[in-house]
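J.: The primary structure of each chain is shown beneath.
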Amino acid sequence: MRLSYILQETLRSINRNRGNFTLAATVQAICLVLLSVFVVLTFNLFRLSEAARRHVELYAFVSEQTEPTLLVQRIVSLDGVAQARYVPKEEALTELRADLGPDSSLVDALEQNPLPASVRITVRSGFASLSELAALEQKVQLIPGITEVWSGKEMVERLERITRTVTFLDIGILVIVFLAVLFIAFQTVESSIASRHHEIQIMELVGATGSTIRLPFIFEGTAQGMLGGAAAFVLAVVFHRLTTVVIPAAAMPTGVVLLADLGLGALSGVTGSLIALNRIHRTPQAVTMDDSEE
Amino acid sequence: MTDIPQSESVNAVELVGVSRLYQHSWPALTDVNLTIEKGDFIFILGATGAGKTTLLRLLYRQDLADSGKVKVLGYDLKKMPLSEVPHLRKRIGIIFQDFRLLAERTVYENLEFVLRVIGTEPKEIPGRIQETLNRLGLVHKKDSYPHQLSGGEQQKTSIARALVKEPEILLADEPTGNIDPKAAADILNILKDINYRGATVLMATHDADLAERTRRRRVTLDAGRIVRDET
Numbered sequence: 001m002r003l004s005y006i007l008q009e010t011l012r013s014i015n016r017n018r019g020n021f022t023l024a025a026t027v028q029a030i031c032l033v034l035l036s037v038f039v040v041l042t043f044n045l046f047r048l049s050e051a052a053r054r055h056v057e058l059y060a061f062v063s064e065q066t067e068p069t070l071l072v073q074r075i076v077s078l079d080g081v082a083q084a085r086y087v088p089k090e091e092a093l094t095e096l097r098a099d100l101g102p103d104s105s106l107v108d109a110l111e112q113n114p115l116p117a118s119v120r121i122t123v124r125s126g127f128a129s130l131s132e133l134a135a136l137e138q139k140v141q142l143i144p145g146i147t148e149v150w151s152g153k154e155m156v157e158r159l160e161r162i163t164r165t166v167t168f169l170d171i172g173i174l175v176i177v178f179l180a181v182l183f184i185a186f187q188t189v190e191s192s193i194a195s196r197h198h199e200i201q202i203m204e205l206v207g208a209t210g211s212t213i214r215l216p217f218i219f220e221g222t223a224q225g226m227l228g229g230a231a232a233f234v235l236a237v238v239f240h241r242l243t244t245v246v247i248p249a250a251a252m253p254t255g256v257v258l259l260a261d262l263g264l265g266a267l268s269g270v271t272g273s274l275i276a277l278n279r280i281h282r283t284p285q286a287v288t289m290d291d292s293e294e
Numbered sequence: 295m296t297d298i299p300q301s302e303s304v305n306a307v308e309l310v311g312v313s314r315l316y317q318h319s320w321p322a323l324t325d326v327n328l329t330i331e332k333g334d335f336i337f338i339l340g341a342t343g344a345g346k347t348t349l350l351r352l353l354y355r356q357d358l359a360d361s362g363k364v365k366v367l368g369y370d371l372k373k374m375p376l377s378e379v380p381h382l383r384k385r386i387g388i389i390f391q392d393f394r395l396l397a398e399r400t401v402y403e404n405l406e407f408v409l410r411v412i413g414t415e416p417k418e419i420p421g422r423i424q425e426t427l428n429r430l431g432l433v434h435k436k437d438s439y440p441h442q443l444s445g446g447e448q449q450k451t452s453i454a455r456a457l458v459k460e461p462e463i464l465l466a467d468e469p470t471g472n473i474d475p476k477a478a479a480d481i482l483n484i485l486k487d488i489n490y491r492g493a494t495v496l497m498a499t500h501d502a503d504l505a506e507r508t509r510r511r512r513v514t515l516d517a518g519r520i521v522r523d524e525t
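The listed protein sequences derive, respectively, from chains X and Y.
Under our numbering, residues 1 to 294 are what the first sequence spells out, in order.
Under our numbering, residues 295 to 525 are what the second sequence spells out, in order.
Looking at chain X on its own, in the form it has when it is part of the complex (with noise of 0.2 Å):
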């Protein structure tokens, strides 16, 4: 079995069904271009997650007669807090009246500030799960001084939920491109046997093994799957750079892009061959010639 035999019989079987394999390859494109767009978005969306842990913070409540600066320091020293800062009533009186802006005046009517002081605790990255998160909070809540905690692990909580739904949607995409584009493979394979049914007969009869029969299709399946796979990390690629115009800071992991769009394109392209091969031609030397019985 020559390579070059195999090559040479490949393209001249991409050339005589260039209609349907061009037409594949595109719905192949089509469909890998919806699962990179998926990628891209949720590599996004990992990255805003994975942003916003890191500004996650836990607001320590105070009562009036602790002394902050060793309440601080004992806050800092414990496991995952990155920085800790204390702030008074009257600096949260302001803050409250930044954030109200026109509304402000509402604060004016109150005879006495209502607000407690507090220890803003910043976490580190690697803490930011929920049950870190639940950790820390209960720590805190242990020390001396200290009335309530409000850990914002409602937030991390609602974060982690989106990002886990996210990725058992993507799993299902994934799962579903992956059987469009293997089904599209079978069928081009498919229809390239049967128009070639006559000259595999030959084939059989003169004495050619089974590679040699097969692989041209399982590199038409191949070629077309990798095609479909390139088109679709091209579009993906047009797709990010108009995103940027919207959302510069919209990130794209190329390499994996490009990993997943070429290798699905191939696995299914090679799997669905191999499939149309078993189906239509499961015992090469033994089943396929239909001569007629005297």
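Don't read these hints as lab results, they were simulated from the structure.
Here are the computed distance ranges between Cβ atoms for each label pair: (1) GLY19(X) / ASN428(Y): 36 to 42 Å; (2) THR26(X) / VAL433(Y): 44 to 50 Å; (3) LEU7(X) / SER377(Y): 22 to 28 Å; (4) LEU7(X) / GLY343(Y): 44 to 50 Å; (5) LEU45(X) / ARG399(Y): 51 to 57 Å.
Note that the coordinates shown come from a computational prediction; the quantities given were computed from them, not determined experimentally.
Yeah, the Cβ is synthetic: ideal placement off N, Cα and C, and Gly gets one too.
Once you have looked at the hints, place chain Y on chain X.
T.: Here is chain Y on its own, set in the frame of chain X:
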């Protein structure tokens, strides 16, 4: 791996008690015993449905016998795994009544295709094709497509395709069935020449007169049984 005796003494074909039933238990062959020595020329005679094509199909392992033993060039075909079938078929040439040429390839390309798919060294290919075309008087037709050839020329191309891989056995299934008497005589002469050069030739035909004129061994089948074996 199947045992593949290669010695000169191995018969080309040995059938011992071979039976083949088709669907609905219709017996295509029943208890066929036949030995063909290497270098023989043998006619398989019989009317339509007598079992000639079934017999040939068993020999190139397109079909398997339900019982009995089929040995071709020393290969026991029942024990032969599918992966070994190409090795057997490389040593056998097959010719059909309906030619089975590739319509979109020229005469030259039909022959080249065969040599390429069986893995012949590329530098050997042009020489072998040229020699085969010379032998069959087809050089002037090498760039023609099958539809541009007469029936006789198409059958000659089909023989050239079988011959180009230098087979030890040539199986011809009604090779003169679709061509005029003059072309049929030509084809027969070519087959005799192939046999003269050492290949074993089995020709299935319903034309008993043609076989009788040729004065070679004639095995007659009737309803799947050998009813006559004359030399």
